[in-house]
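Asks: Each chain is listed here by its residues.
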Amino acid sequence: MKPTLAFFLDYYNESMYPTLKILEEKRLKALGTLKKTVIVLFCSITLLSFILIHNAYLSPLHTSLILGIAGLIIFAVIYHYVKVGYTSLFKDHVIGKIIHFIDPSLIYTKTGSIDEHEYQHSELFLEPYDRFFGQDLVSGSIDSVNVRFCDLHVEKKVHDKDDKEVWQDIFQGLFFRADFNKTFHSKVVVLPDIAEHSFGILGSWMQGMNRQRGELIKLDHVEFEKLFVVYGSDQIESRYILSHALMEKIVQFRTKIDKPLYLSFVDSSMFLALHYTKPLFEPILLRSLLDFDSIKDYFERLSMIIGIVNEFKLNEKLWSKH
Amino acid sequence: METFLIVAGVIFLIIVFMYNTLISKKNQVENIFAGLDAILKKRYDLLPNLIASVQEYMVHEQITLEKMTELRSKAVTSTLDNRETIALDKQITSMLGNLMVSVENYPTLKANENFLHLQGTLGELEEQISAARRAYNQSVTDYNNAIEMFPTNFMAKVMKLGRKEVFSVPASERQNVDVKNLFQK
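For the record, the sequence lines run as chains A and D. Each residue of the first sequence is one higher than the one before, starting from 597 at the first, in my numbering. Each residue of the second sequence is one higher than the one before, starting from 837 at the first, in my numbering.
Just chain A, with the same shape it has in the complex (with noise of 0.2 Å):
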């Protein structure tokens, strides 16, 4: 059966929906726990405000401010902690479901991700990092193609203007590695492209000085050209992965997706890694999970990952993989 949305309607109405109905329970009680937080803390803090500025142990300023700090503290805390219990319920009653809706055979691991020697074994982000996070993980095969992909978040810290160390993110989204469907030595990377779009012949220029990717490929397939910056460490090989129908692939789900994307193809494996601003399988607390549509988001999302594989038609392989 192919997990079309119709399905997934009937599977949501038989399957899901009496086990979200327990789970939307303990949705609107961690939201109640939030609300009686938010009124306890105001009230407490108006109180303990009254009491500090009328014996004047402190001025007014510093007062809402000491006082608004706390409280907003104490609120993280145990919004961190609700949030938590409900979210493990969550991936296992909706995330998990929906995998297992989608295709059985696919393990799911909430807490699983992709390790550090895959990010960089794909050679998608050069960068030295200092904090690599990694959830949901998803490992199997599809149409006897293997993939693993996960919400990865990789930071550095860096300095500020005033010399505060914060977190710079260096890749957050999905990060997705699968089989490819042809035998190669070389490597292969596929950036959004960033200089000759913003700076033309002077952009394209610095792109070719980039010698820590190897050398620049330059493809005949206008609108790919366009969007991305691709480096090689073999001319011929790097045509030979990128042929004329995987590049229009990947223009049009670079169009359909429409967010940065980056692919790198190493070791015969393809590494795909889609920037998304926010993790891609959180629950949203103030949304309803009797509403078919906030769990059809999360369905179209899955879908689109799992599809890769077909998208791309990672599954027609070549003589030699067979």
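Wrong hints could be hidden among the right ones.
[Claimed, not checked] Each computed EDC-like pair below joins lysine to aspartate or glutamate, with the alpha-carbon atoms no more than 20 Å apart:
hint, chain 1, residue 1, chain 2, residue 2
1, A, Lys783, D, Glu960
2, D, Lys996, D, Asp978
3, A, Lys909, D, Glu960
4, A, Lys753, A, Glu712
5, D, Lys862, A, Glu712
6, D, Lys926, D, Glu963
7, A, Lys687, A, Asp887
8, A, Lys845, D, Glu963
9, A, Lys874, A, Asp739
10, A, Lys909, D, Glu962
11, A, Lys913, D, Glu963
12, A, Lys822, D, Asp978
13, D, Lys903, D, Glu892
14, A, Lys909, D, Glu963
15, D, Lys1000, A, Asp816
If you are wondering where the hints come from, they were derived from the structure by calculation, not from laboratory data.
Once you have looked at the hints, place chain D on chain A.
Replies: Frame of chain A, contents of chain D only:
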């Protein structure tokens, strides 16, 4: 005097830069052509096996097979320059295309495991040849641009560098395949 030396130094550096750019583009063409040649060689090596495996079935295609054997011998025995290699490759590609269309008329051959294996290997080689042709064409375009564009065109004239030819797709291959006709044959 100092100004003269600075200007002379800058001019010298520009000449060196242009010279090196042209040489690097010329070498790039040669390097990629060598890569293409290596893949074409693989195809030449495969052709005798292909011909041997099909000739007992394809009784009506003897002329094509003989012509292909002749082209293959020419490719492996003589030293061809780039232009001749390109021309010969075009002929072999066209012959192979005809042969593969004719296979449709021989159901026993289509089911033969040895032939299926050869067909698969050949299909993959064609993908590699196509990639090599694209890489070669890009390097030739870069080279031709460099020898014709200002100011490197002056340096190219001094170095006696001439235009190189790109691979072009034969007219027959540009047409869409008529699947209906193909199966009616």
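Asks: So which of the earlier hints does this model not fit?
Replies: 5 and 9
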